[in-house]
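All chains, please: the whole structure from these sequences, using the hints.
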Amino acid sequence: MKKFDNFLGSLEVLCKADREKASIDEIYRTGVIGQFNLTFELAWKALQETLRQHGVASADVGSPREILKLGFLHSFLADENTWLSMLKSRNLSVHIYSEIDAETLVNAVFDNYIDAFRRFESTLRQKIEEIEN
Numbered sequence: 000m001k002k003f004d005n006f007l008g009s010l011e012v013l014c015k016a017d018r019e020k021a022s023i024d025e026i027y028r029t030g031v032i033g034q035f036n037l038t039f040e041l042a043w044k045a046l047q048e049t050l051r052q053h054g055v056a057s058a059d060v061g062s063p064r065e066i067l068k069l070g071f072l073h074s075f076l077a078d079e080n081t082w083l084s085m086l087k088s089r090n091l092s093v094h095i096y097s098e099i100d101a102e103t104l105v106n107a108v109f110d111n112y113i114d115a116f117r118r119f120e121s122t123l124r125q126k127i128e129e130i131e132n
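Numbering (numbering that gives the first Met the number 0), first residue to last: 0 to 132.
Hints are computed from structural coordinates only; laboratory data are not their basis. Where hints are given, some of them may not hold.
Claimed, not checked - PhoX-like cross-link-like pairs, simulated, lysine-lysine; straight-line CA separation at most 25 Å:
(1) Lys68 x Lys1
(2) Lys68 x Lys44
(3) Lys2 x Lys87
(4) Lys126 x Lys44
Claimed, not checked - Pairwise CB distance ranges (calculated):
(5) Ser74 x Gly30: 21 to 27 Å
(6) Arg51 x Gly8: 18 to 24 Å
(7) Glu128 x Thr29: 23 to 29 Å
(8) Asp100 x Ser74: 32 to 38 Å
(9) Gly33 x Gly54: 30 to 36 Å
Owing to the predicted nature of the structure, the values given are computational and were not obtained by experimental measurement. By construction, the Cβ of each residue, glycine as well, lies at the ideal position given by its N, Cα and C atoms.
See the structure below:
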């Protein structure tokens with residue numbers, strides 16, 4: 000599935016990010032935030048496509064929040080608080096004007112969001128296999 004493959008590629012790049020470098024280099028930190036945003040965008044779109052393939056008709060249209068809610072409802076996502084926090088972080092990231100806010104987001108990426116993306120990858124692989132078999 001193309002959307003899942005795009006998500007995997009973006010996650011792979013995000014996982015290569017160096018936390019120490021992000022803590023001292025403003026441009027690098029900005030890149031980590033941008034890569035997080037891209038990975039999140041691709042994740043919810045891959046979720047939407049997989050939900051559709053599983054016959055969830057209400058997944059045909061919807062905002063990221065609505066698609067995430069469907070993901071929780073249909074057991075595609077487990078950690079609602081983390082995913083809603085990611086959504087909020089993604090939405091606020093375009094309004095980061097201070098280094099403290101940027102550092103807070105980057106720390107959340109390294110401390111929570113990458114692990115959530117990895118769990119999502121595993122779950123989505125299983126859901127895609129269910130469709131193919």
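These are the hints, each one checked on the structure:
| no. | hint | verdict |
| --- | --- | --- |
| 1 | Lys68 x Lys1 | holds, 22 Å |
| 2 | Lys68 x Lys44 | holds, 13 Å |
| 3 | Lys2 x Lys87 | holds, 22 Å |
| 4 | Lys126 x Lys44 | holds, 15 Å |
| 5 | Ser74 x Gly30: 21 to 27 Å | violated, 34 Å |
| 6 | Arg51 x Gly8: 18 to 24 Å | holds, 21 Å |
| 7 | Glu128 x Thr29: 23 to 29 Å | violated, 37 Å |
| 8 | Asp100 x Ser74: 32 to 38 Å | holds, 33 Å |
| 9 | Gly33 x Gly54: 30 to 36 Å | holds, 34 Å |
This entry does not satisfy hints 5, 7, going by the numbered hints stated previously.
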